[in-house]
Amino acid sequence: MSVDIKTTARSQVTFRAIAAHAILITYTLIALFPVFVIVINSFKSRKAIFREPLSVPTPETFSLKGYETVLKQGDFVLYFQNSLVVTVASLTMVLLFGAMAAFALSEYRFRGNLLTGLYLAIGIMIPIRLGTVAILEMMVASGLVNTLTALILVYTAQGLPLAIFILTEFMQGISDDLKNAGRIDGLSEYTIFGVLVLPLIRPALATVAVFTMIPIWNDLWFPLILAPAEETKTITLGAQVFIGQFVTDWNAVLASLSLAIIPVLVLYLIFSRQLIKGITAGAVK
Amino acid sequence: MQKPISKPPIRWHIPVFLAPAFIIYTAIMVIPLLGTIQLSLFSDIDGEQVFVGLANFKTLLGDPRWAQQFWNALVNNTWFFIVHMLVQNPIGILLAALLSSNKLRMKAFYRTSIFIPTILSFVIVGFAWKLILSPIWGVAPSMLDAVGLKSLFAPWLGKEEYALTTLALISVWQFVGIPMMLIYAAMLSIPDEILEAAECDGITGISQFWKVKLPLILPSIGIISILTFVGNFNAFDLIYSVQGALAGPNFATDVLGTFMFRTFFGFQLQLGDPNMGSAIASIMFVIILIGVSIYLFGIQTRLRRYQF
Amino acid sequence: MKHTSFKAILVASTVFGSAGLSFAQDVTLTIESWRNDDLSIWQDKIIPAFEAKHPNIKLKFTPSAPAEYNAVLNSKLEAGSAGDLITCRPFDASLSLYEANYLAPLTDLEGMSNFSDVAKSAWITDDGSTPFCVPMASVIHGFIYNKEAFEDAGVEVPETEEEFFAALDAIKEKGNYIPLAMGTNDQWEAATMGYNNIGPNYWKGEEGRNALIKGEQKLTDEPWVAPFRQLAKWKDYLGDGFEAQTYPDSQNLFTLGRAAIYPAGSWEISGFNTNADFEMGAFNPPVPNEGDTCYISDHTDIGLGMNANTEHPEAAKTFLNWVGSEEFASLYANALPGFFPLSKTAVEMEDPLAQEFISWREKCEPTIRSTYQILSRGTPNLENDTWNASAAVIKGTETPEEAGKRLQEGLASWYEPQQ
Amino acid sequence: MGSLSLKNIRKSFGNVEVIKGIDLDVKEGELVIFVGPSGCGKSTLLRIIAGLETETSGTIEIDGNTVNGQSPSMRGISMVFQTYALYPHLTVRDNMSLGLKQAKRPKDLIKKRVDFASAMLSLDDYLERRPAELSGGQRQRVAIGRAIVRQPKLFLFDEPLSNLDAALRVNTRLEIASLHRQLSATMVYVTHDQTEAMTLADRIVVLNNGVIEQVGTPMELYNKPKNKFVAGFIGSPQMNFIPASCLEMSDAETVGIRPENITFDGAKADLTGKVSHIEQLGGDTNIYADCGEAGLICIRLFGQHEAEVDSTISLHFDRDKMFKFDKDGNTIN
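Chains as they are written, first to last, in UniProt numbering: chain A, 1 to 285; chain B, 1 to 308; chain C, 1 to 419; chain D, 1 to 333.
Heads up, a few of these hints could be off.
Said to hold, decoys possible - Some chain D residues close to chain A (C-beta under 7 Å, calculated; not the full set):
#1 79
#2 81
#3 85
#4 102
Hints listed in this document are in silico derivations from the structure and should not be mistaken for laboratory results. All of these numbers come straight from a predicted model, not from anything done at the bench. Using N, Cα and C, we set each Cβ at its ideal position, and we do this for glycine too.
Let the sequences and hints guide you as you build the complete structure.
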C-alpha cells in the first residue's frame with residue numbers, strides 16, 4: 001500500500017477527530033449513566049430491579065407499578081403546576097428586576113453607584129438559607145405562609161444578586177449611541193430599557209435564567225418550611241416525600257425521580273440555545 | 001414653549017429601576033441574614049437571649065469539642081474544594097477544548113448530555129449514586145466484575161478514608177457542566193484570526209491549546225475557580241442527601257454546611273442552638289469573603305484580560 | 001409593557017395569597033408529624049373515623065420527612081406557622097418545646113387518665129406534674145427472622161447469647177443467606193437496632209438507666225461496655241460492604257429474602273408484611289445466660305401535643321381526648337401493627353408478628369432507650385455520639401472500651417451527676 | 001432653523017474637570033465643527049448640547065431658549081451617531097419615524113417627512129428592511145434620515161464618518177455638505193479628522209483639554225492660527241516646528257513653516273538635511289529630511305519629483321509664510 005504525505009496528514013486529522021469523539025462519548029456515558037439506571041429501573045418489577053439492575057426492562061420484568069403508585073398517591077399534576085408557577089414567576093421577577101437594577105447600575109452615574117453594586121453582589125456569597133427563621137417570621141407576619149407567593153419572593157431575592165452581577169457586566173457592552181438615539185427620539189428611560197435594551201440582552205437573560213432556574217426548581221428547603229401544604233407542594237418536595245414515604249418501595253421512588261427529571265430538562269432545552277449564545281456574547285467573562 | 005429650568009430634574013428613573021430589586025433583596029435576604037449574624041453575638045441563658053459578644057466564637061474555636069468538629073469540617077471542606085479544582089475544572093477545560101474544535105459533529109448532543117447532571121436535583125443525584133455505589137444493589141461491583149476488577153470494589157461511601165473523596169467526585173460529576181460551558185464560551189470568543197495566525201506559525205493541536213488558547217482563557221478559569229470556591233464552601237445538599245446530617249461515617253464527610261445545619265436546627269435528640277449555628281454561619285461568611293477578596297485583589301488583577 | 005407585567009404580578013399575588021386562607025366555617029386542625037409513612041393510614045382510616053363523630057372538625061395530616069422534622073417544626077413554631085397539633089418526639093425535644101411555651105400543658109385533659117405514669121413519662125415535666133403530650137404509641141425492639149432461612153440452616157430460635165451466635169454461625173456456614181441485615185452507613189441503625197436493642201439485657205433495663213442518670217454508673221462500666229462487645233462480634237455476620245449499606249438497603253436485603261435475621265424495631269412490621277413473600281418470626285434480644293431475666297426496649301416513641309398558640313384549643317382538645325380513647329388505640333394499633341398503644345386498656349391485635357412483639361411485655365422487663373431521657377440535653381449529644389460509637393465499634397475502628405470511654409468523657413463534660 | 005449659544009459651560013466628572021468654561025455662538029444655518037485630539041472634550045460638549053450629559057454649570061440656549069435641564073427630545077435637536085445607533089428591531093421606515101410617533105405627530109405628516117428624507121438619501125428601496133440587512137453606508141444614511149425627519153432646530157453629528165471606509169467617507173461627506181445646503185440647517189459636527197473639518201465647516205472650533213483654542217473659518221485657522229496647537233492641528237501634512245535657535249532667530253522660541261512653503265534652493269539654504277523618506281502621491285510629493293537639531297522636516301512639492309534617499313538637500317523657507325511662537329506657544333504677530 002502506498003501512503004503519500006497527504007493521506008498521512010489526513011489520517012492524523014481523522015485520528016484526532018476519533019480521539020475527540022472517544023473522549024466525549026466516554027464522558028457522555030458517565031454523565032448519563034446514573035440517569036439511565038434510574039429510568040430503566042423505574043419500569044421494572046421490584047425483584048428485577050434488585051436482581052439485574054443493569055438490564056433494560058424485558059416483557060417479564062416490565063412493570064408500571066411504580067408510576068401507578070406515584071400517580072395514585074400524590075397529586076403530581078398539581079405539584080408540577082406549583083413548581084412551574086413558582087419557577088416561572090420567580091424567573092420573571094429575577095430577570096425583570098435584575099435587569100432593571102443592572103441597567104441603573106451600568107447606565108447612570110450617581111452617588112453610591114459602586115456601593116449599591118457591591119451591596120447587591122454580597123448576596124452571591126451567602127446562602128439565603130441562613131436567614132430561614134427570620135424569613136419564616138416575616139412570611140407568617142404577612143400571612144404568606146403556605147402560599148406560592150412566599151416561595152416566589154424568596155427565590156427572587158435569592159436569584160437577584162447573581163443576576164444583577166452578570167447582567168451589569170453585560171449591559172456595559174451595549175452601545176451608548178443606541179440609547180442616546182432613543183433619548184433624542186423622545187423615548188423615556190423606561191422605554192429605552194424595555195424596548196431597546198431588554199431585547200439586546202436576551203442571551204444574557206437566558207444564561208441567568210438557566211443558572212437561576214436550576215436551584216429554584218430543585219429546592220427542597222423552602223418549600224418544606226414555607227409552603228409544605230398539600231395545595232402548595234412543589235414537585236421536588238413531592239418526590240422527596242415519596243422517598244420518605246416509600247423507603248422500600250423503590251418502584252415508586254424511581255418512578256417519581258424519573259418524572260421529576262423531565263420538566264427541568266424541558267425547561268433547560270428551551271433556554272440552552274440562548275445560553276451558549278449568551279455566555280459567548282460575554283455574559284460571564 | 002418650555003420655561004427655562006435652572007437645575008436638572010431629579011432622575012426619578014434611577015430609584016425606580018433599583019427599587020424592586022433593592023427592596024426584595026434587602027427585605028428577604030439582607031435583613032434576615034443580618035439577624036442571623038446578630039444571633040451569633042447572643043446566647044440563650046435560662047431562656048433569655050443575652051448579649052455575649054464574641055463568646056460563641058471563643059467556644060467554637062477554643063472549646064476542644066467544638067474546635068475539633070470545626071477544624072474537621074474546615075479541613076474536609078478544603079479537601080472537597082481541592083478535589084473540585086484538581087478534577088472538575090481540568091475535566092471541564094478538556095471537554096470544552098474538545099467541543100470547541102471546529103469540525104466536530106454532534107456538539108449540541110455532547111454539550112446537552114454533559115450538562116444534564118447539572119440540572120438534576122440533589123435528591124436524584126444522591127439517590128442515584130447511593131444506589132450505584134451500594135454494595136447490596138451491585139451496579140458498581142458487577143460492572144467492575146465485568147472488567148475483572150471486582151477486587152477494586154470497596155463500599156466507598158461507608159469507609160472513612162474514601163467517603164469524602166467519593167462525595168467530592170459525585171459533586172464533580174454533577175457540576176462539571178458549568179466550567180465546561182463557561183470555558184467553551186470563552187474559547188468560542190477567541191477570534192479565529194488569532195488561531196489562524198497560530199496555524200500559520202505552525203502551532204497546532206495540543207501545543208496550540210497550551211500556548212495560545214489557555215493563556216487567553218485564564219480569566220475565565222479564574223472566575224470559575226472563585227465560583228467553585230464559593231459553591232464548595234456553601235456545600236450542603238449533596239452531603240446531606242447522601243450521608244445525612246451527621247455526615248458519616250464518623251464525620252468523615254462533615255463540611256461547614258452540614259456542621260452549621262446540625263448545630264443551627266438540631267438533629268434527632270440534639271436540640272438546635274441557633275446562636276452557635278449563627279456563629280458558624282458567620283465564620284463561613286468570613287472565610288468566603290476572605291477567599292473572594294484574595295481572588296479579587298491578589299489574583300484577578302494579575303490575570304490579564306486581552307482585548308480582542 | 002411594564003404596566004401589564006406589574007399588573008400580572010399583582011393579580012398573581014392576590015390569587016396565590018387567597019389560596020392560603022381557610023374557606024370553611026368548620027374548624028380545620030392541622031397535624032404536624034414526621035410519620036410520612038403513615039399518611040395513607042391517617043387519610044383513609046383515622047381521619048374519617050374521627051370526622052364521622054365530630055363533623056364540625058376537619059383534620060389535615062401534614063407530615064414532613066423524618067430527618068427534617070425537627071428543623072422544620074422548630075422554624076415553624078418560632079415563626080408561628082406550625083399546625084394546631086404537634087406530633088411529639090419523646091423526652092427533651094418536646095420538653096424544650098413545652099418550656100418555650102410552644103406546647104400547651106395538658107394537665108386537665110380527661111383522656112390523660114387512660115395512661116400509666118410510665119407511658120406519660122416521656123412527655124411530662126421533670127417534676128412529673130405537667131404532661132404536655134398524649135402518648136400515642138411505643139415501639140419494641142427485637143429481631144425479626146426469615147423462617148425459611150432458619151429451616152434451611154436447621155437452627156432454632158435463639159434464647160441466649162450463645163445460641164444467637166451459634167445460629168449466626170450455622171447460617172453463615174450454610175452460605176445461602178447473609179446472617180444479619182444491618183449497615184453502618186446511616187449510623188442510627190447501629191445504635192437503635194443494635195446497642196439499644198440488646199443493651200437492656202446487660203444494664204438491666206430501668207435499673208441501669210436510672211443509675212446512669214443519677215451518676216451511680218458510668219458508661220465505662222461493664223453493663224454499658226458489654227453490649228458494645230457484642231456488637232463488635234456482629235461484623236463477621238454482616239453483608240459485604242455493610243459500611244456503605246443504608247437503612248433501606250438493610251430492609252430490602254431482608255425483605256427480598258437475602259438475609260436471615262433483621263435487628264428490628266416493631267415499626268417495620270407493616271412494611272415487611274407488604275414486601276416480604278416468606279414467613280417471618282420474631283424473637284426478643286437473647287439474654288447473656290440461660291435463665292436470666294430478659295429486658296426489652298419498649299420505647300415511648302410518639303405522642304401528640306397541642307400547639308399553645310392554636311386558634312382552636314377546644315377542637316384540638318376534643319381531638320386529643322379522642323386520641324386518648326380506646327377507639328383510637330385499637331384503630332391505630334391495627335392500622336399500624338408495630339406501633340403499640342400506650343393506654344391502660346388492652347387492645348386486640350390481629351397481626352401475628354405484632355402479637356409476638358407485644359407478648360414480650362409479659363415475660364420481659366420493659367425499659368426505654370438509655371440515651372433519651374435527660375442524658376441528651378447537652379453538647380456533645382449522647383444520642384448522636386452513641387450512633388457514631390456503635391457504628392465505629394461494629395466496623396472495628398474503635399474498641400468497645402474506647403467507645404465507652406469516649407461516651408463517658410463526652411457525657412461528663414456537661415452532665416453534673418457524672419462529673 | 002435655530003441658533004445655538006453656549007455660555008461658560010463647565011463639566012466635571014468627579015474631581016476631573018473636562019470642560020473648562022466654553023463660550024460659543026453658532027448662527028442660524030451655520031455648520032460648525034468641533035475638532036481636537038481624542039479626550040479634548042469635544043464629544044462631551046456635544047452631548048451636553050444634546051442634553052445627554054448634564055453640564056456642571058453654564059447656560060445653553062437653542063434658538064434663544066435656555067434648554068438647561070430639558071430632556072433631549074424637548075430640545076428640538078437631532079443627532080447622528082458614529083455607530084449609527086439604529087434600532088435593530090425596527091425597519092428603516094420605523095427607525096426614521098419613531099421620534100415623531102413618540103411625539104404623537106399625525107400619521108400622514110410622518111409619512112410625508114419619511115418619504116422626503118428617503119428620497120433625498122435614496123433610501124426608497126430599503127424602507128422595509130431592517131438595519132441588519134443594510135451595508136454600513138446605507139445604515140449611516142438611515143441614521144441621517146432619522147435626523148432629518150425630525151426637522152430639528154439643530155443637527156448634531158458625533159463623528160458620523162469614523163466607521164465608514166475611505167471611499168464611502170468621501171461620498172457621505174459630500175452628502176452631508178449638500179444636505180446642509182439644501183436644508184440650510186444649523187449643524188454642530190464633531191470629528192477628530194481635520195480634513196473633514198476643513199472640507200465641511202463654515203467655522204471650526206478647535207478644542208484642546210476642555211478649552212477652545214480658536215474659532216474661525218477654515219482659512220482663518222489655516223492662515224492665522226492663534227497658537228502652536230492650532231497651527232499643528234490644522235493642515236496636512238502637519239506644519240514643521242523648528243527651534244528658533246536653529247535658524248538664528250531671536251524673536252521667537254519656535255518657528256513654524258508649512259511643508260508647502262519650503263523649496264529646494266542651495267543658494268539661499270536655511271537648513272540642509274538628508275532625505276530619509278519619500279511619499280509619492282502622484283499629485284504631489286512629500287519628502288522627509290533629517291535636519292539634525294532642527295528635526296525631521298517635511299517638504300511638500302507639487303507634481304512628481306524624484307529624490308535619492310540619503311542624498312543631501314538644501315532647504316529654503318519662505319520667510320513671509322513663517323509663523324513665530326513664543327515660549328507659551330502663542331503666535332507672535
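Here is what the structure says about each hint:
The interface hint given for residue 79 of chain D is met, as the beta carbon of that residue sits about 5 Å from the closest beta carbon of chain A, less than 7 Å. Interface hint at residue 81 of chain D: satisfied, since its Cβ lies 4 Å from the closest Cβ of chain A, which is below the 7 Å cut-off. Residue-level restraint check for residue 85 of chain D holds (minimum Cβ-Cβ distance to chain A is 4 Å; threshold 7 Å). The criterion of a C-beta within 7 Å of any C-beta in chain A is met by residue 102 of chain D, whose closest approach is roughly 4 Å, and the hint holds.
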